[in-house]
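Visitor: Chain by chain, the residues run as shown.
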Amino acid sequence: MSTTAELLKGAAELFPDEVVTTAHVRHFDLPLGAGRFALITLDNGHDHKKPTTFGPQSLANLNTAIDQVEAEAANGDIVGVGITGKPFIFAVGADLKGVELLKRHEDALAIGKGGHEVFKRLSALAVPTFAYYNGAAMGGGVEVGLHCSYRTVSAAVPAFSLPEVFLGLVPGWGGCALLPNLIGADKAVSVIIENSLNQNRQLKGVQVYELGIADAIFEGADFLEQSLIWTASVLKGEIVVERPVIDRGEAWDQAVARGRFIADGKVHGAAPAAYRALDIIAAAKDGDLQAGYDAEDQALADLIMGGELRAGLYAFNLVQKRGKRPAGAPDKNLARPVTKVGVVGAGLMASQLALLFLRRLEVPVVLTDIDQERVDKGVGYVHAEIDKLLGKGRINQDKANRLKALVSGVLDKAEGFADADFVIEAVFEEIGVKQQVFAEVEAVAPAHAILATNTSSLSVSEMASKLKHPERVVGFHFFNPVAVLPLLEIVRGEKTDDASLATAFAVAKKLKKTAVLVKDAPAFVVNRILTRFMGEVQNVIDEGTPVAVAEKAVEPLGLPMSPLVLLELVGPAIGLHVSETLHGAFPDRFTVSENLRAVVKAGKRGFYVYDSGKPELDPEVAALLKQGDVVLTEEQVRARVLDAVAQEIGLMLDEGVVAEAQDIDLCLITGAGWPFHLGGITPYLDREGVSERVNGKRFLEPGVASVPA
Amino acid sequence: MPRTVRDVVFVDGVRTPFGKAGPKGIYHETRADDLVVKAIRELLRRNPGLDPKKVDEVAVAATTQIGDQGLTIGRTAGILAGLPTSVPGYSIDRMCAGALTAVTTVAGSVAFGAYDVAIAGGVEHMGRHPMGEGVDPNPRFVSEKLVDESALFMGMTAENLHDRYPTITKQRADEYAVRSQEKAAKAYADGKIQADLVPVSVRRTNPEGGETGWGLVTADEPMRPGTTLENLANLKTPFRVHGRVTAGNAAGLNDGATASLIASEDFARENNLPVKMRLVSYSFAGVEPEVMGYGPIPATEKALAQAGLSIEDIGLFEINEAFAVQVLAFLEHYGIADDDARVNQYGGAIAFGHPLASSGVRLMTQLARQFEDQPNVRYGLTTMCVGFGMGATVIWENPHFEGDK
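Chains A and B, in that order, give the protein sequences. Numbering-wise (full-length UniProt numbering), the first sequence opens with residue 1 and increments by one. Numbering-wise (full-length UniProt numbering), the second sequence opens with residue 1 and increments by one.
Don't read these hints as lab results, they were simulated from the structure. Keep in mind the model is a prediction, meaning the values are calculated, not measured. Be careful, since some hints might not be right.
[Said to hold, decoys possible] With a Cα cut of at most 27 Å, we get these calculated DSS-like pairs of lysine-lysine:
1) K392(A) / K377(A)
2) K413(A) / K510(A)
3) K392(A) / K53(B)
4) K236(A) / K399(A)
5) K53(B) / K399(A)
6) K192(B) / K236(A)
7) K392(A) / K509(A)
8) K236(A) / K186(B)
[Said to hold, decoys possible] Some chain A residues near chain B, calculated using beta-carbon distances under 8 Å:
9) L39
10) D43
11) E225
Beta carbons: idealized from backbone N, C-alpha and C, even for Gly.
Could you build all of it, start to finish, from the sequences and the hints given here?
Guide: Quick look at the structure:
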């Protein structure tokens, strides 16, 4: 047995549940009399819903297939070797379930080496090798093709990426070393760094060709046939593949610098993967592939054994799995159909909700408000947004006509809601107003209609308390911008029944939102944590720490924006309102900043001015600030803020606001854009020892979002 | 409104390699619609001068129009092949003469002026859709003796045809079959067949059929080059005890698809499309269903009469070899020798296979190539027998004809 085979056998023993990919070898004569060809098909025996992956046994199978074609090539029995995938899937990379099980650095190293040792053989065969990217290709799937002499891609490929950096890894089976040497460092940085850090953006087949990753592109209908005819032409010398010369000068360094700038902007140095990948790209400038592979092995092993990857995989699983099967949701068969939606209020939020329901549910949506002008404005907003979609080509004229015909506005709730199955209110955040609105809706809406509230801070149970049928009231808390942020906090009031809750979850699914079941507790999840977090930042500023120090202190959390920029986005007045609400509920932990009060009172919309192109503290705001004389360091600020957050989350879990810490992280990732690579926040708090320090225990068991013990 | 009938031409034809139906066949895991899609795409690729938007119709024949051969396959195949949605399509069925009927039907529309250019072809995946799948014959056929019970079983109708022509013995049929295999092998060796085949990628997941994974089919699977009389002598006669029809002197059960471009001659010339054959006449005829193999004889009589030609004017014959006896009956009727050089020069369905509704265009594609090679020939015909007692004949003129030399 070769060392590679031994290496993989050892790895396979650690991962008995691998979904094994077979590497089928089939021989046939190429067209044009080009000779006998061996084609390897990667296939895990399942349909496209379970994409082909590379676990250790799968790699061993490919290794065995290469043993066979290597001998045939050496004997002159074949003129070339191809590799392709099962229908719709090429291969989507390493089996991450296996990676999660790894406990030792040496085992992690073996995974990297194992992949390299197998893939490298493709480029060392005595005949040319061809990868045919027939369908989705990611990570190791892309990389196995990079080791081939030539590549073709199907125009129908919907998703092609090196997503490792997104997850907290580096493309470690040749991606970092080979890709810049194939298409140049700048394009490689776009694929490896930029796309990964932009919510794992995927390339389509045509882009794969335009980037120069593939040498030829063919339509999906006869992709493999045309690829094989092209192969025959290449082998016969009738087609000569010409690739642009790579600029190995300054352009290479500039590309790496651009990558660092992108990484800094996204993770502020807080996640190592992008930087490790960039180091390898930088080193690949001299074209020494083996040195690149060795660096990839080391980076992979370090990252697999580091917390960030585990947190990244944890976050990935939260969004992909838990986000789709919400914890604690009732039996979905209890859900009632929703064939018409009412929206109380026609302001901006209400209009955005109307648009969302309209687009996703495609049922009649009726807006109401207190005067015709507001109603017209709300409907007008929806129409204008539909026209924008039409203008961008996102919908066609027929669809635009359909959607416009479905939205209407009336003054009379009885007329609008008499046959509505789901009525959501988005009126002023004041309990008396909301109770009044629901009482009016209950009087005219059908007995089965769900009454939903988009409140961000009021008690759902209290809102329902004066109704005849409080069991049909649910909280339906969206996040701004509604069209962008996936999270929907679904709040169960004291009397909410299962059927209403199930209907709410069914609607959330149709809205394509990530629904999390939340108890009726003050400010629910995201706003409570954000308010505690920002309150603590505000506190240290009020006590005397300079704004810039406080802001910089939390950069390692990798948040999408700094606390004060977020406050600006939310609106200082709303921020103040929420902090007052929470102060009312938990006066000992939630403070109300006098400085914030002053800023709101002065009518300021934010803390910064952007005249110079970057945020600078608004002198008018600076003049308003009354600070104490306690100046903390960044480390001290960070400790205080993290302690506060850890304490709050611990209390929320004790109160049963959500089922588990996982739901907190899911909320923060999907509702506040907290970073994947930290797994939201609790894996980070565990890793940094904050949880232990504040609560005396971890949030997550070792092995969940961390290297198993 | 005065109308002028327009000349109609066969621009080009292609086909997939034919496969053997069944679990070990090359197309066992390939959809029927995908087969015809690959043929249509190859046809368009070979004729880049044709703007796909200009295609007026896609007529695709299939005998069993269910599953992947259903859903109005002419329409679905057009969309799947990447034709603009503005190009319409329909399905057609005349069993074995499906593709031939697709050609004559669109040709009629071209002549009338309704179309300028159309795609006509056929497909039959007899592995996925065995003969007789889902049929429900009216019981009156039997109770009122409208047809003999053997009419639904093609092999039995072939035995019946042997009865009608007692001089056509099993020996003659076998000799004919051996020649068909020899001629087909020679045509392959001469490169006459491959040029009109589109390679098809095929997947195999069941190792019983051979190596698994994706493969590429570039040649007809049913071919049995080197077949001898001895090989055929002892084959079973499954349709009648001591009968004459065997698997060796009949076409098998096959999978495959064909596609052709039919256009007005003016359109073809204006668009710089090749003109491979010019349509002279076509005709269909019915006969007793229990001797369906007799069908080509009256169909040809009618087609010749329409064209004002006699059988002596025909220089090349492409006769579908559903059964050797059916070809031999035709030849005997017209007093043509069994081994006449004008008949099935490349061999026929006994060697290549006969995926029912697709075969008509294979005959035309082969005749077109023979026309090109033999400019001394002016007229040729394609003819085939059809289930339930029919025959179909198309007479073509060779545009390369250089006069009698």
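Visitor: Is K192(B) within 27 Å of K236(A), Cα to Cα?
Guide: holds (22 Å)
Visitor: Once the shortest beta carbon distance from D43(A) to chain B is found, is it less than 8 Å?
Guide: holds (7 Å)
Visitor: Can you verify the interface hint for L39(A): is its Cβ closer than 8 Å to any Cβ in chain B?
Guide: Interface hint status for L39(A): holds (6 Å vs cutoff 8 Å).
Visitor: Is it true that the CA of K236(A) sits at most 27 Å from the CA of K399(A)?
Guide: Measuring from Cα to Cα gives roughly 51 Å; hence the hint is violated.
Visitor: Under the criterion that the straight-line Cα-Cα distance not exceed 27 Å, is the pair K392(A), K509(A) satisfied?
Guide: Holds, because 25 Å separates the two Cα atoms, which is no more than 27 Å.
Visitor: Can you verify the interface hint for E225(A): is its Cβ closer than 8 Å to any Cβ in chain B?
Guide: holds (5 Å)
Visitor: Going straight from one Cα to the other, do K413(A) and K510(A) come out at no more than 27 Å?
Guide: This hinted pair holds, its Cα atoms lying about 25 Å apart.
Visitor: For K392(A) and K53(B), compute the direct alpha-carbon distance and say whether it is at most 27 Å.
Guide: holds (26 Å)
Visitor: Between K392(A) and K377(A), is the straight-line Cα distance small enough, at 27 Å or below?
Guide: holds (22 Å)
Visitor: Assess, step by step, whether the Cα of K236(A) is no farther than 27 Å from the Cα of K186(B), and give holds or violated.
Guide: The hint holds at about 26 Å.
Visitor: Next pair to validate is K53(B) with K399(A); report whether the Cα-Cα distance is within 27 Å.
Guide: Within the cut-off at roughly 25 Å; holds.
Comparing the model with each earlier hint shows a violation of hint 4 alone; every other hint is respected.
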